[in-house]
Amino acid sequence: MNEEGAMVISVTDVSKTFGGLISKKIRALDGVSFSLERGEVCGLVGPNGAGKSTLISIIMGAEARDQGKVTVKSDKPVGFVPDRPMFYEDLTAMENLMFFAQYNKVDAPMESCTKLLTEFGLGGRGDEPVRNYSKGMKQRLAIARALLHGPDILVMDEPFTGLDPTMVIELRDSIKRLKGSGLTILLSSHDLHEVNNICDSVVFIKAGKVVNKESVAECHRTMDVQFTILNPTPSILSCLDGYAVIDRSDDGHTIVVKMEKDEVQARLSELVKAGGLVQEVRLLERSVEDLYSELIMEDGR
Amino acid sequence: MNELFVLMKKDLRLLISESYFPIVILAIVALSGVAAFSAATDYSFFIQDPPMTLSIADKELKQLMCLLDFWKMVIPIEVLILLMVSSLTLSMEKENGMLRFILAYGKNRSLIFISKSLVVAMVSLIAVLIPALAFLLGIYTMGQEVLIDAGLMLASAAFPLLIMLSVSMLGILISSLSKKRHTAVIIAVMAFLVITGAYTSALEGGMIDASLEYHQEHIDQFMTNADARMLFPEDKKLMLLLNPLLMQEGLLHVLNLTGGEMNLAYVEAFAFYDEATDASIGIIMASSLFLMGYVSFMRYGKR
Ligand SMILES: Nc1ncnc2c1ncn2[C@@H]1O[C@H](COP(=O)(O)OP(=O)(O)O)[C@@H](O)[C@H]1O
Ligand SMILES: [Mg+2]
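So the protein sequences, as listed, match chains A and B. When the letters of the first sequence are read in order and numbered with our numbering, they come out as residues 30 to 330. When the letters of the second sequence are read in order and numbered with our numbering, they come out as residues 43 to 345.
A few of these clues could be false.
Pairwise CB distance ranges (calculated) [said to hold, decoys possible]:
| id | chain 1 | residue 1 | chain 2 | residue 2 | range |
| --- | --- | --- | --- | --- | --- |
| 1 | B | V231 | A | G48 | 22 to 30 Å |
| 2 | B | M340 | A | D42 | 21 to 29 Å |
| 3 | B | R151 | A | I55 | 23 to 31 Å |
| 4 | A | T41 | B | M334 | 31 to 39 Å |
Just so you know, these hints were derived from the structure itself, not from any lab. Quick reminder that beta carbons are idealized off the backbone N, C-alpha and C, glycines included.
Let's have the full structure, built from the sequences with the hints guiding it.
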């Protein structure tokens, strides 16, 4: 990790409790800390109600925090895609974009708005009131609006929800393109496959606490390896000692362990040398999804 | 300045595209129409069947009195309309999340509030110009000569405008304090009931108190306006001072109906304060309500 200075978003010990007076107290965030480097694309992952939207609102300054510190280093306003479509529903898509363009003093606002509408597949429908838009169209408009003023930081709360598969692919490609331009992106998502695909790092959040922040590359570096051994005697299996056992079949023939990619070859030779009849070795690519089940689902809480 | 202009353009556009907006305008037009018809009919009957030979000055006086009645009919209902419209402004944007969304851009917060205030101030202006026009049209369509000149007509709209501005600012304050638009509208309607109820009860109650006290000492005499002003109970006076409807008495001054002795209808119009005081009360009321709304808005979403 880089020194503090390179961090464009840093969240330190942020807590937030809802309710209290009349309703039940809900601790939505409990001492959350993490930070993002410039150009980093980070996925915020966690079950429903984990506090993702609350955390994003607090980073955006749209929600007050009870304690903690949030620093966002950017000269321009942060581009923001909220978790639900928020527009002046009675105004047209173009009017909505134009307002935000002019409000943020975008050069050549008309051209920028038209260009973005076309880019997000809404060209020719800009004159319709947003009220008439489908959820997916609103979602696209929201992303267009967030990019309108050319932000350095883009924060998206579940951008893939409500999009059809084509749009998901297109959005994924747009994000990958934006990634190249140095934009720092924080996005929350339920779609672990997309997070795995797009993000450089993942922040796992559960019940208001950050469980882990891991780089996706790191997550890819280790993998689950499945050995099928016909004579699994303890002495032969001792070659795999020290590795975390992920799974083991009832008859003991099949065992899945977690190890780094470049260790697999050496372990296999050892097994054979020890007299193991290795029938099959399968490399199971680890993904954000596996990490999610380990971190979030494992302990059953 | 440019930022304010962009905000105002948006807020105006939002207001006009609002589904209730045509109803509001229609309500103001209909109300003005009915009140103008009633005032013009009153005037026509008076001219056609005069209690004495009428000089042009008498006719003008009667027309002014009809204008006063006209405003008194229009004002309370417009107070309700403006309270409702203005109470929706911020609460609506809070409810759909747009306010928080815009605040997240970290731009000048004050301008957001000022823009909303200016837009409802415009509505207030429209809400007094439509009736003023309707009155003239009413007299004219009844085949009568309009004896009130345009300047006086506009001047007569000044105090109603102060009332509308005050209640608009009250509405924005309500809006700024409510999270949901339904809450805001309910509070606005309650505010209307309190304003109108308190005005009538304080004024009539105070007059009865004053007259009772007067007649303990002066049997068989009429209480003059000066006596009433002196004997009017202080608590009720204070209640009136806090009521935007008190500014209606400014109309009496503008229309020059406080004279008393020579009054054609043999009523002595009663006013507590002189014109300048009435105007100051209105300006102070509108601006302090604006400030209260501003302060509460600036605190919105902060700890
Ligand atoms: N405005 C609010 N008032 C009360 N509780 C809230 C509010 N916003 C969120 N919460 C609660 O805080 C917790 C976290 O919510 P949220 O941040 O929306 O989770 P996520 O986006 O991860 O699904 C939930 O238990 C939710 O019910
Ligand atoms: Mg959420």
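Going down the list of hints, with the structure as the test:
1. At about 29 Å, the beta-carbon gap between V231 of chain B and G48 of chain A stays in the expected band of 22 to 30 Å.
2. Taking 21 to 29 Å as the suggested C-beta distance range, the pair M340 of chain B and D42 of chain A conforms, at roughly 27 Å.
3. At roughly 28 Å, the beta carbons of R151 of chain B and I55 of chain A sit within the given window of 23 to 31 Å.
4. At about 36 Å, the beta-carbon gap between T41 of chain A and M334 of chain B stays in the expected band of 31 to 39 Å.
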